[in-house]
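*Asks:* The chain contents come next:
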Amino acid sequence: MESANDDDHRANGSDDNRLPKKPKLSSSSFITDSEVIEEFGHHQPGIARINNGSFGSCPASIIAAQKRWQLRFLQQPDDFFYNNLQKRILHSRGIIKDVINAEHVEEVSLVDNATTAAAIVLQHIGWAFAEGRFQKGDAVVMLHCAFQAVKKSIEAYVTRAGGSVIVVHLPFPLSSEEEIVAEFRKALAKGKENGKKVRLAIIDHITSMPCVVIPVRDLVKICREEGVERVFVDAAHAIGNVHVDVREIGADFYVSNLHKWFFCPPSAAFLYCRKSPVSPDLHHPVVSHEYGNGLAIESAWIGTRDYSSQLVIPEVLEFINRFEGGIEGIRTRNHNAVIEMGQMLANAWGTALGCPPDMSPSMAMVGLPANLRILSDKDALNLRTRLRDHFGVEVPIHYQEIKELQDGGDAYVTGYARISHQVYNKVDDYIKLKDAILQLVRDGVTCKMLGSE
Amino acid sequence: MSSTTKSITEAEIEAEFSHHDPTIARINNGSFGSCPKSIISAQQQYQLQFLQQPDHFYFNTLKSSMLNSRKLIQSLVNAEKVDEISIVDNATTAAAVVLQHITWSFFSSQFQPGDAAVMLHYAYGSVKSSVHAYFTRAGGRVIEVHLPFPLCSNEEIVSEFDQALKRAKMNGGKIRLAVIDHITSMPSVVIPVKELVQMCRNDGVDVIFVDGAHAIGNVEIDVRDIGADFYTSNLHKWFFTPPSAAFLYCKRSDKGSNVHHPVVSVEYGNGLAIESAWIGTRDYSAQLVIPEVVEFVNRFEGGIEGIRKRNCDMVVEMAEMLVKAWGTELGTPIEMCSSMAMVGMPACLGISGNKDALNLRTHLRVTFKVEVPIYYRAPLEGEVNPITGYARISHQVYNTIEDYYRFRDAIIKLVNDDFTCAILSN
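Chain order of the listed sequences is D and W.
Under full-length UniProt numbering, the first residue of the first sequence carries the number 1, and numbering increases by one thereafter.
Under full-length UniProt numbering, the first residue of the second sequence carries the number 1, and numbering increases by one thereafter.
It is worth saying that the hints were derived from the structure and are not from the lab.
Ideal placement from N, C-alpha and C gives every residue a C-beta, glycine not left out.
Keep in mind that the hints are not guaranteed to be accurate.
Computed footprint of chain D on chain W; a stretch qualifies when at least three of its residues, placed anywhere within it, have a C-beta under 8 Å from a C-beta of chain D [to be verified]: (1) 23-37; (2) 49-60; (3) 87-94.
All chains, please: the whole structure from these sequences, using the hints.
*Replies:* Right under this line is the structure:
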């Protein structure tokens, strides 16, 4: 007879020499520097990887745990499906619920990524327009620097269904949260001017490009005051990067990627949906036989596929707690290091950070020398490619349009590097970037020249 | 590594599937498929590449690898253009793509409330739910084609389908969608799709979607010959791909141009194939190993056609062995079997409902270490001692005759022990 503990027993690999062994926890307190190096030993050597923000990172022990789950499925998929999968996903959801301080585990669904979560929320909005609950012209609010996929999702589900879009422009560079709040109020007021009903506000917790921590709690409050029906916080970067308490933030929907700053393998994200009368109307767009059993259950079975990245969340939490202070400790140290490195770079280049340190998470926007003449998104991409191919530096570059730029305006910073700091980064990574940029400036390189190569 | 001129050997096949639980008689390839070690290895290479330097992978590797996979599938299924081939997670996702597209036709008033969809009663549960979620919810009505089971011939299927089309067209009704399985799941039957598609064309059905979830690597697929607007099949079931990957074929036409992946990314508007190739950060490795899979398949004599034929021959041989041993019957004629067959189970087992079928399946797994799905078939009025349970046995390259002997003997033991499913309900 199968024992109820069979799965844990086998997951530990102790009954099968072919399975990779789980690492022993060191009996002394915390993970050591050399253990951290080992955990990220698979990262390509010779690359200064200062872009954790884009695709995240995953330690070797979590990859090993994931492989154990993948193998379990391949060994006996029927048994896995009937006896393990749902239990493990529920367990993962329970852990996330505690981490983010959600009230009920039903409020926590696991999906692939924030892009999927956006499709879930916006498809729901699309139906509301189509079924007449919303009127043509009712509005959705978004930030102008919302992630491109989210913008497209709004086009695909809101605009296409007859809704309108109110865009909030965030100034950048920024010197305080008040600037954001002021712009947000302005945009809402404008939207309501035309008698439009604002059905949904989509607010980033941490914008992607340029990267800034948004005062979401304040903005959610403003939304409530101004009669915005629902608020969706796109916190793709947030978990593991800033403090996340979904009840405190008070949004109706909140999504964050677990593979960016929470060490999960690609890919996993949680979508929090506060319990409400509309909860039953949230559906995963990939419909399975679980349709109608609640979003969390629907998301846990969207056909045969590899769910292993969602199953290793317990192991991820264990990994995080090997660090002093757990996730808070990691966050704080990352933030402090990235600010220190950001300031080092700004000093070396004669530029500045794009926003105050307390509005930067584990990422910072560092102004690039104007000599490089970054004058378009294409320029920014070409510079990024040059840095990767010639200097072995991986860092995304943001082009910031300045409306009052004068001809030959060499004094204006129009490009920013978004540097990240995660536990595997070293000071040398940032020195490499510093020197690469200084070299380009010394050589009189401009982005126009990069483009014509 | 075997030489490229010689076929893969028995020992090599065993090694390729040595990760399968050795204690289980795994005669259910149909549900979750199977993946050889060398493909898992290839997949892990892609996974590692991403983890090593994800930006480089995204900018320089992903798109071209995805295109290679799509080109191979294009030639495998005889699609005209590679644009017509998108890779998605599974047939469940493909169904959502097609059905969401239909929903927009209702929203834009191209289709009217009351317009009909025709689908088989045996359509896969998830597809039925998807039709409900996207078609019925948008105002459409669904006509189900009830096929008899057991079946005696294709004519029975054609006749029922014809009647369903007539019902749908009654009182000037318009048929907007037909969802036709190429191989039904439970009970498993090969459907004469080409003929049914033609019937739909004759009746002016707007969108014809063939759900070929089980098809690739199991039966021949020529999407142009079949003539549907949309065709999907899972690559991880019978085509040795890791979980999970499937292709969705969309015939080039006006209908094809506004079809979107429901998970919208920066690629929205660039065509379904490009949209599907980037739906946010995730592990695409299962979709990138198609070249390695084709190599693997070609190590077998006759390639995929050889594999198919031998699987089909073996499953029929095993099925006939079982019905002889149990004194029962097949659910369909041999010609309507694929690499799966429906084998009647002794009536004395007392399979009286879906719950019994599931309990028996669990009992077989736990007590006898046999993995096989059981289908409950409601008896017709007046039937004497009817067969109400059918086992859907699969045969894939890793199966051995012992797997089926074990199943045979398990059932014989249950019968001899006067076992009935009622015992399991307690």
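*Asks:* Taking the hints in turn, state whether each one holds.
*Replies:* Results for each hint:
With 8 residues bearing a CB less than 8 Å from a CB of chain D, the stretch 23-37 of chain W meets the requirement of three and the coverage assertion stands. Closer than 8 Å: that is the beta-carbon criterion, and the stretch 49-60 of chain W has 9 residues meeting it against chain D, so the requirement of 3 holds. Counting residues of the stretch 87-94 of chain W whose beta carbon lies closer than 8 Å to any beta carbon of chain D gives 5, which meets the minimum of three for the stated coverage.
Hint compliance for this structure: no hint is broken.
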